[in-house]
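Put chain B on the given structure of chain A with help from the hints.
Protein chains: 2
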Amino acid sequence: MRYESSPEKETHMTEAAEKDALVLFMPSGKRGRFPLGMPVLDAARKLGVYVESVCGGRATCGRCQVSVQEGNFAKHQIVSSNDHLSPVGAKEERYDKVRGLPEGRRLSCSALIQGDLVIDVPQDTVVNAQVVRKAATDRVIERNAAVQLCYVEVDEPDMHKPLGDLDRMKAILEKDWGWKNLLIAPHIVPEVQSTLRKGNWGVTAAIHRDMDSSRPFIVSLWPGLKNEAYGIACDIGSTTIAMHLVSLLSGRIVASSGTSNPQIRFGEDLMSRVSYVMMNPDGREAMTSAVREAVNMLIGKVCAEGGVDRHDILDLVFVANPIMHHLFLGIDPTELGQAPFALAVSGAMQYWAHELDIDVNRGARTYLLPCIAGHVGADAAGATLAEGPYRQDGMMLLVDVGTNAEIVLGNRARVVAASSPTGPAFEGAEISSGQRAAPGAIERVRIDPATLEPRFRVIGVDKWSDEEGFEEAAATVGVTGICGSAIIEVVAEMYLSGIISEDGVVDGSLMEKSPRIIQNGRTFSYLLRDGEPRITVTQNDVRAIQLAKAALYAGIKLLMEKQGVEKVDTIRFAGAFGSFIDPKYAMVLGLIPDCDLAEVKAVGNAAGTGALMALLNRGHRREIEEMVKKIEKIETALESNFQQLFVNAMAMPNKVDAFPELAKVVTLPERKVTSDDGGEGGGRRRRRSRGE
Amino acid sequence: MRYESSPEKETHMTEAAEKDALVLFMPSGKRGRFPLGMPVLDAARKLGVYVESVCGGRATCGRCQVSVQEGNFAKHQIVSSNDHLSPVGAKEERYDKVRGLPEGRRLSCSALIQGDLVIDVPQDTVVNAQVVRKAATDRVIERNAAVQLCYVEVDEPDMHKPLGDLDRMKAILEKDWGWKNLLIAPHIVPEVQSTLRKGNWGVTAAIHRDMDSSRPFIVSLWPGLKNEAYGIACDIGSTTIAMHLVSLLSGRIVASSGTSNPQIRFGEDLMSRVSYVMMNPDGREAMTSAVREAVNMLIGKVCAEGGVDRHDILDLVFVANPIMHHLFLGIDPTELGQAPFALAVSGAMQYWAHELDIDVNRGARTYLLPCIAGHVGADAAGATLAEGPYRQDGMMLLVDVGTNAEIVLGNRARVVAASSPTGPAFEGAEISSGQRAAPGAIERVRIDPATLEPRFRVIGVDKWSDEEGFEEAAATVGVTGICGSAIIEVVAEMYLSGIISEDGVVDGSLMEKSPRIIQNGRTFSYLLRDGEPRITVTQNDVRAIQLAKAALYAGIKLLMEKQGVEKVDTIRFAGAFGSFIDPKYAMVLGLIPDCDLAEVKAVGNAAGTGALMALLNRGHRREIEEMVKKIEKIETALESNFQQLFVNAMAMPNKVDAFPELAKVVTLPERKVTSDDGGEGGGRRRRRSRGE
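Going down the list, the protein sequences come from chains A and B.
For the first sequence, the residue numbers in the numbering used here are 332 to 1023.
For the second sequence, the residue numbers in the numbering used here are 332 to 1023.
If you are wondering where the hints come from, they were derived from the structure by calculation, not from laboratory data.
It is possible that part of the hints are untrue.
Same chains, same label: a pair holds when it works inside one copy or across any pair of copies.
Unchecked claim - Computed list of lysine-lysine pairs in DSS-like fashion (alpha-carbon distance at most 27 Å, straight line):
1. 511 - 960
2. 964 - 492
3. 506 - 960
4. 422 - 898
5. 960 - 888
6. 794 - 557
7. 422 - 932
8. 888 - 932
9. 964 - 844
10. 511 - 961
11. 529 - 506
12. 492 - 506
13. 961 - 506
14. 492 - 888
15. 960 - 492
16. 961 - 492
Here the structure is a predicted model, which means the values were calculated and not measured.
In isolation and in its complexed conformation, chain A is listed as follows (with noise of 0.2 Å):
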């Protein structure tokens, strides 16, 4: 069985048009007439449905199961039934004895069309059944993995045809499966032989056909069938590195994981770690060292979770922001920490993985995601082939907001990205009370207008602060800060509930309406909780949350700027915050243009997801290459106007022509603007309310 149609069958298919038979795949629609008599797995392979096989159509990898419709389908002509394939024969049955076949299921490599069929593919092929699958994303991935596992059986040495035992197997992998002008990985060459009298000439190739020299590559080799082979998806994050591991055959997530980068050592935020390598001779190196350990550490963590010998790794697909894209490969990225913000690289990669110190298969490659632009990198690419923007009529906004916030926004016709500067705030840093995302960190906050008490909850307790039991459950954890997600909440309510103007003062006449606002100095705060510790929000984390969200604003009203728009049909938010904050708050704070709540959604990890999707289908690397030259960047620096945009972003949304939207959601207060924020200034933060 070859992978390409051999003109021999094209002629034989033509001559006996009249005798074809119509077959349809399922769930991609493909159809196409073929002669009876041909395998179906033959015919998927015309059409370009993907059925996995590696055994080469001997019915012993059982990799190739598919099942028939029956019935009559009106609109598409077809009377199909198990009675249009040929019988269940010898080596079907065979593996059904050994292997066990799911009811109704055949192996296409066997099963010969006999008459009209409709053929469901199953997405998800049960060999290995036992293990449980992880939802990581709804999104069905059509797969077209860049490793495929052939079995061959190589000719015997003959002292009349002298040809070396490798470049008789490359022979029959050409004869057998198609492969034309195969590379050889050089860790291989001195194994072929042994592998060979091993498994009795017969043995598992793995071919990588994606490499960056355009020829496919034998990368791995087994004696006897091999029938499984994975694949590790991975977003190196600042914070945090996640990871999936995936069959490369079914397309089944295994195990999804992820810990902390160990880099954090080194300092918090990136650019404390540019300065790191700044500051220290071996600095770039101890930095590469400790996020290649984490990954091979997250990898034994997935492989244990299921139950997958790490050497089973043939493919890896990373993507990271800049300066962890370059630290991971062994690129000093002082560069990225001043203007001109140079990437060494801009461009996807590949490497061997063993050239990043990466323990899998010793002939494992990795990819990585180009990168955008030098703020935007190739995580922000890994989100954008995620949601893909490009493939949208509306104007869809991308966003994943970190210490800076990437954001893309676009459609079929135009994308446009940058980076604006948030800083961490979003992340809980620099927030008087502020802390990670955590057991015992306060989630989700609300005030009553009327008495502006709050109540809210708290990570690992199941209850609201005011329901009966909450302060027995929350003494387990410790109530301990606020994260990210409810500084956003806390500070949309105080907004809400009249305890901050809409540019941001904390009202201190209201000490004596409500004991919850005290004063601090010069300026008012608002106690969430008494006790301890004390959990406080002052006029200084507001000011904090101000700048951020204002950064991110400008960053998207410039971007609609350059589309032209003045509202978005659909907003993204990913990243860990962004699956957290509740996206009617963040548009109460500003954070976000005015948009329909019901297209505004958290996408989580959409960078891995990207990442996932290149893994499982290599048209999806060469669909986000292409993607990236074409986005047009922005860089804010270098924009006259972002600095008023920045300006005008600092008040809260009060507007309801402006944020129709959000009207039909909340109350906004309606509200003069303060003359004075409570004495504190400085020519970056002038005062003047939106709109005006």
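Chain B in isolation, oriented as in the chain A frame:
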């Protein structure tokens, strides 16, 4: 200036045809019409005439020198004159001042075509003239090295177009030099930014354009202009490793040297080394390390001799016999020690030099010529490339004698190859007074047919043994034994002087005539030199040479039968053995078939010459890869008549009709065949005279 012409230029050329000038390049003889005003370098490139240039037409590297042949070349309808070039401009003048341009030379990047021209491309551009050229071979190898140095000036980073530094460098390499789809060696990636800044955005990239991936690769990078790169051509023999250090830009051989293969400590001959691997668990590794260390040591030696930094070596080509080839690549050679003598790999192989532990430039590549068969290695492929039987009309016999004799026979129409098990007798092993070719070894022998008295020459002594002062001179080195070439001569002279019969029996009856014939148990010996040590040629020595020459001749005869020829037109002796033996004696003894003695030549290390050709011209790599596929491989062990040919070849040639060319130069003894060989026997060596 682009390496490939742009479509616009082509159009221009057609339109301006009437104004075109005719330019003829020598020595290639390539010619074409080009528009006035085009640089000579561009014209050369359009015709595929190899002119080196590193600086990209900036007139700074001086690599592209040419000169004009003035005169009326009626045959070519060209009147050529220096006036037909644009006058020397400011850039050329500056180069001449700074670095000096030899009389009559022009920089072809700056000299514009103004009329018809005959251009001389110097085959050895003198840029570094103080290094004396050593003639490793007279052959002119057309230069088309795999590595090209390309100087570019990279755009500085631009925040509006945030392409990575590497990506901008690739873009300019495509724009200035035409390199599309460039890849980069991973180790360079972290150095790109600092190199660009060190060179103030001017860098020289080494592009390898013969990677097995088919895509050009940036393999090294230097700040500023880098004007020289080197290559290594190396033959890894069982006994000796030989090496040339070559300028990849000028083709100049900078140094040549050799060293013993340190694997000798694991076993003198190849089979004993295979046994060592089989008997010792870490034997393969030990031998791989030994040969790689020796290669590294030898690189150090040629670099020291040539005053070259080993890190400027960018490309290496290796040839070796199959067992050395496998051991060098780290492949267990055990399969080569037993039928069916399966090579692990037969095709040409490429590696990064560091993958083979070769300490040169980190981005250097290695290329290994293909092996022809289990006993006919990459060394035989190299010799085949160098001597090119497939380029001849006449029938060429190419013989490389070592422990095995590798035999290639063919012409333009068809080439056949085989290996014959000669054993080590020709190398002086298994001979009672045999030794390696070294000072003190007898290397030439003559025997007076009348008196049976010998005279001989000794390596390290200028005089023949019968000349005055010989003994004094010989005393300084000591006469220690007979080397391979002298063994051929002494046995041949013993035959010509009647001491041995055509069946190889030493005639004991001659004891009465000469004290040189001495009894040795049941057989007789010839006393070559009395003294300490006593040097004799025993009956067993003669038998050993007879066995070896019979094996060689039988192999040659087998291939002649395959080709259906009775006579060959040319004979080439490759290897050290071939360099020392006198073709006449080889023919007297029956090592080689009848042939005009003027057409029998020793070609030295032809395998090394082949490596050199593949190093300097990547076209030769494709040539030998294709040729090796076409060569018909004959396995003597599988040929039913090889045994008979072997038996037939035991006797000495004595028939004038079978050896008419030989009969022109010596008087062949015409005697009866003896009925007894002096006591030795055995089924394998049945006595039968030739021609019966």
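Quick rundown of the hints versus the structure:
With identical chains, the CA atoms of residue 511 and residue 960 are at most 27 Å apart between copies only, with a shortest distance of 17 Å across copies and 30 Å within one. For the homomeric pair residue 964 and residue 492, the shortest alpha-carbon distance between copies (7 Å) is at most 27 Å, but the shortest distance inside one copy (58 Å) is not. Taking CA atoms no more than 27 Å apart as the test, residue 506 paired with residue 960 passes between copies only; the shortest distance there is 18 Å, against 38 Å inside one copy. Taking CA atoms no more than 27 Å apart as the test, residue 422 paired with residue 898 passes in neither setting, with 61 Å inside one copy and 59 Å between copies.
Taking the shortest alpha-carbon separations for residue 960 and residue 888, only the intra-copy value of 23 Å comes in at or below 27 Å, while the best inter-copy value is 66 Å. In the homo-oligomer, the alpha carbons of residue 794 and residue 557 never lie at most 27 Å apart, since the shortest distance is 51 Å inside one protomer and 71 Å across protomers. For a Cα distance limit of 27 Å, the shortest separation of residue 422 from residue 932 qualifies neither inside one copy, at 50 Å, nor across copies, at 64 Å. Taking the shortest alpha-carbon separations for residue 888 and residue 932, only the intra-copy value of 19 Å comes in at or below 27 Å, while the best inter-copy value is 84 Å.
When the C-alpha separation of residue 964 and residue 844 is checked against a cutoff of 27 Å, the pair qualifies neither within a copy, at 50 Å, nor between copies, at 103 Å. For the identical chains of this complex, residue 511 and residue 961 are inter-copy neighbours only, at 19 Å across copies versus 32 Å inside a copy, given an alpha-carbon limit of 27 Å. In the homo-oligomer, the alpha carbons of residue 529 and residue 506 lie at most 27 Å apart inside one protomer (22 Å), although the nearest pairing across protomers, at 51 Å, exceeds that limit. In the homo-oligomer, the alpha carbons of residue 492 and residue 506 lie at most 27 Å apart inside one protomer (17 Å), although the nearest pairing across protomers, at 47 Å, exceeds that limit.
Within a single copy, residue 961 and residue 506 get their C-alpha atoms only as close as 40 Å, which misses the 27 Å cut-off; across copies the closest is 20 Å, which meets it. For the identical chains of this complex, residue 492 and residue 888 are inter-copy neighbours only, at 21 Å across copies versus 71 Å inside a copy, given an alpha-carbon limit of 27 Å. Proximity of residue 960 to residue 492 under the C-alpha cut-off of 27 Å is restricted to the inter-copy arrangement: shortest distance 10 Å between copies versus 50 Å within a copy. For a Cα distance limit of 27 Å, the shortest separation of residue 961 from residue 492 across copies, 11 Å, qualifies, whereas the shortest one inside one copy, 52 Å, does not.
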